[in-house]
Structures are given as C-alpha cells and as structure tokens.
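Participant: With the hints as your guide, set chain B onto chain A.
Protein chains: 2
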Amino acid sequence: MFDIKQYLAVRMDWVNQALFQALPPSTEHPVRLHEAMRYSLFIGGKRLRPILCMAAAEAVGGTEKAALPVGVALECLHTYSLIHDDLPAMDNDDLRRGQPTLHKVYGEANAILAGDSLLTLAFEILAQQPQGAKLSLELAKAAGSRGLAGGQFEDLAEEQQAQNHETLMRIHANKTGKLIRAACRMGGITAGANTGQLDALGQYGESVGLAFQIADDILNVTSTQEVLGKPVGSDAKREKMNYIACIGMELAQTEARRLVEQAIEQLDALPGDTQPLQALAHYVVERLT
Amino acid sequence: MFDIKQYLAVRMDWVNQALFQALPPSTEHPVRLHEAMRYSLFIGGKRLRPILCMAAAEAVGGTEKAALPVGVALECLHTYSLIHDDLPAMDNDDLRRGQPTLHKVYGEANAILAGDSLLTLAFEILAQQPQGAKLSLELAKAAGSRGLAGGQFEDLAEEQQAQNHETLMRIHANKTGKLIRAACRMGGITAGANTGQLDALGQYGESVGLAFQIADDILNVTSTQEVLGKPVGSDAKREKMNYIACIGMELAQTEARRLVEQAIEQLDALPGDTQPLQALAHYVVERLT
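One line per chain: the protein sequences are A and B, in this order. Quick note on the numbering used here: the first sequence kicks off at 5 and runs consecutively. Quick note on the numbering used here: the second sequence kicks off at 5 and runs consecutively.
Excised from the complex, chain A in its bound form (with noise of 0.2 Å):
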C-alpha cells in the first residue's frame, strides 16, 4: 500500500531545501527584493509540479535526485504567477495560503519586480542543467503567450461574460494544464526519456493539470477559507468562470474523476516506478472528499 501522505511530505522537504538553497540568500543585495521572492515561496504551498517532475522522472527509470533542480524551477515560475495573477490590475486577491499577498506586504512594484525576478530565475536554473535547452524549451512554450499568460489574460477579458464550456477548457488547459503537462515532460527529460514516453507524460499530465483544476474549483465552493486560504465562493463572487457554474457540481466531479482515470492509462507503457504517478492523479482529486 503506497503512503501518498508520507511520500508527499519527504518531497515537500527535499523541494523546501532545495528552493532555500537556489534563492539569492535574503541578506544579498537589493536585500528587500530578495526578502520579497522567499515570502513567495515560503507562505506555503503543496510543491506539487516539483514532485510530479521528480515522479516522472523516475517512472521513466531516471532519479528524483537529477529532476529536483528541475523541480526548483518549475516552482519558481509557478509563483511568478501566482504573484502576478493577484496583483490589484489582475485578481485583485488580499490573500494567498492564508496569508496576505506578496503585494499587500511588499506594495505593488515590488511585487511585480519579484514575479519578474522568479520567472527569469527560473530560466537561469534551468540554464545550469544536462539538457539546459531543451528543458528551457519546454518551460518557455508552457508559461508564455500561448500558455499561462495567455490563459491568464482570457480568464480576465471573459470574466463577466457568458460562460461558455469550450472557452473555459481551454483557458484552464493553459493557465494551469501546460505548466503540469510541461513538469511530467521536463521530469521525463532528466532521466532521458525517448520521445513516445514523454508523449505519454505530457498526456498524463494534460489530464492531472485539468482534474486538478476542477478539484479546485469545487473545492472554491464546498471548502471552508481556513482549509482553502481565502474566502469561500471567490469565484462566484466576481463571476470568474469555473466548471460549477458551467456544468453543475455533479458532473464537474464524475469529469475530475474520469480524468484521472485517463492519466493513469497513460503510464501502462513506461519502463520505471509508476506507483507515485498513480498516488499523485488520485490525490489532486482525493482532496475533494
């Protein structure tokens, strides 16, 4: 019987560290800039891109240890836009892991110049890595204009209008979907997968990034703020789309539950440990219950 729980919090540590040791030491100059880019990071978070990277990695027969760094990166990118997405221009979100956001500690400038900072940091990490190209590739086509940022700016140009089941595909599939897909595949890379098997992870990942993004969506109307972070309801408030609203709770559970099926088919064919791959696509949708 695999322990997800225990597996997850030796990881959470490993990435933890791993991150404290690849920031620029808060003592460093602009020390205040410094100080900002480790709140980030450090306020929380479940590292999950990082273990699914270090998971991939190995159910191709590679090691975690190699896809950490890896890990680190795609870490630092994901908070780059975490900060950016609640800026007062953006989401407009007070809080964050139930603390306040980066930009209601540190002020408005200095959030953006942090998630600036943690986006190209996460370039130079992966700059420094075995396959630095093609790994830098793979991040850059997953968080740019045809993916998280452009996700991100038609989840803002469609709030407040009708809610359209295809739009909201897809703008999940980028905002949240390609940065998944993008952490199996670059996991995949580490450990020199040939290209059926990161096709494999990549489809994987496409369906954990979308199970995973219903998950939350549910969890943003059924959750209490102390386990969520933030108010309860935050999406209806503002009438941000979300798969509630768009096709009713019941069926948006049997698709959460459907996708992490179709992930797990993917992993049949791979040559390494898939146990962990399988505990994490059950685990994204396991919080909901």
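Be aware that a few hints might be false.
One copy or two, it doesn't matter: identical chains are merged, so the pair holds either way.
Quick list of in silico lysine-lysine cross-link-like pairs, DSS-like style, CA-CA up to 27 Å [unchecked claim]:
#	residue 1	residue 2
1	K69	K145
2	K108	K138
3	K9	K50
4	K50	K69
5	K50	K108
6	K69	K9
7	K69	K138
Simulated from the structure, these hints should not be mistaken for laboratory data.
Facilitator: Same frame as chain A, but now just chain B:
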C-alpha cells in the same frame, strides 16, 4: 570612412523583420495579447542591443546572421523591461518613444502580461539556438534580481533619497549596463569566442552601457520633447537620481567620452572586424552633440 548611419539603418531593418517573424502573429489567439506585444515592440526603438550583439559576433570573426535571432531575444527582453518600468505602480510614464505607453492603450493587466510574455519569449527563442543553454544563462543573470530587475527595484527605492554617486553607478550598472554587457558577450558566444574574448566584449559592453546611460541623463536635461519622445526634465521632476544632479553636466560629458575610449581599448585583441563596435561606441555619445 565608416558610415554609421547607413550601417544602423540596414541592421534596424534586419532586426525589425526578424522580430516581426519571431512574434506570434497578431491574428493568433489570444489576439489582443499578441497585438499588445507587437505594439510595444514596433512603437520604435534604435535596436541598439541586437545591433551590438551582431557587431560583437563580427568582432570575433563570426557572422551577423547567426547572432540575429539572439538579438531578437535581447530586444524582446529589453521591451519587457520598458513595459514594466512604465507601469503606474513603477515609473508611471504616459509616453514612451513619443507614443502612449502600453498600459495607457491596453490597460494595466494586459501590459503586465504582455511584458511577462515577452520576457518568456526571449528564453523560448534562445533555447532554440546553438549554445542555447549558455546564451540563456547569460541573459538570465543579466536580467534577474542581481541585474536589471534588481536595478529597477533599487532605482524605485532610492527615488527621493539622497543622491549618492556610488549608488547611482550601481543602479545604472544593473539597470542598463548588465544587459548591454550580455548583448556583447552573447554575440561573442554565437561566434564561438573564447573566455578572454568574451571578457573583452563584456568589458566593452559595460563601458558602453554606462556611457549610454550618462548620455540618456544628459539628453533628459538638454533635449526637446520632440526628439526625446517624453517630457524633458522628467528625472528632475520626480527627483529621480541621475548623473547631472549627481556630478554636474560638465563632468558627466567628460565621463561619457572617457568611457567610450575605455570601451574601444578592449577591442584591440579581437580577431575579427571591430570597426562596427568602435563606431557604435562613438555613436552612443555622439547623440549628445
């Protein structure tokens, strides 16, 4: 006699064409984000960093053609930094190159995301070049919290504080110098330059970058709004630190010319055609007369 005007005009055309092709078409989804990215890139600009990059490649015996895509990445990164610097939370500038700044036309959220997308695109382009990882590392180090973003951070923090020459030098070195230095080194990398040659190109870039910034400060006082594309004296108005306030007009002019000579001395040992780099160094301060 080297015709710098003709030289610049030809290369500006190359860079503009290459930029036009490297950017996602403005018909591609999300349309308005891609339009915003193009607005800022094609609003004007001397393309100094791409041209320095190409000239540096030539100076060590490489080709301008191989350096051109790297120049495109540099211009994307430079444009991102201008977009974010202009934001209301930062320098709050309404005009850039004589035109409304991006956030004035597309709104603040979209300006932040267009900047993020251009920063990311720079690394996407570099990752596809030979020596992609080495080039990415060079750019990331110049652009991150220890470079450009850190310099902007400190510039904002120092506004309305005592004008100190040492602080001013460090801010300029980070905000402007490091990217121009990287442009020269990256041109060298595309041409397979050795460590000594990269050092020489880097030192050339540092001196030219500082001379360029001093020249900008001088123009901020002496030019007309028509030439400058933004109000004259805007630095003094917001009590922004600059060389003129710090060491006076006469010393600033002397210092700019000294830096140009210092830059050109670095070129002596390089094996290729260094005439363009020489002319470019002079051009940087000749804008003053």
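Participant: Hint by hint, say whether it matches the structure.
Facilitator: Structure-based check of each hint:
| no. | hint | result |
| --- | --- | --- |
| 1 | K69 x K145 | both (24 Å within a copy, 24 Å between copies) |
| 2 | K108 x K138 | neither (37 Å within a copy, 37 Å between copies) |
| 3 | K9 x K50 | within (11 Å within a copy, 56 Å between copies) |
| 4 | K50 x K69 | within (18 Å within a copy, 45 Å between copies) |
| 5 | K50 x K108 | within (22 Å within a copy, 38 Å between copies) |
| 6 | K69 x K9 | within (20 Å within a copy, 54 Å between copies) |
| 7 | K69 x K138 | both (18 Å within a copy, 23 Å between copies) |
Figure legend: structure checked against the earlier numbered hints; the only hint not met is number 2.
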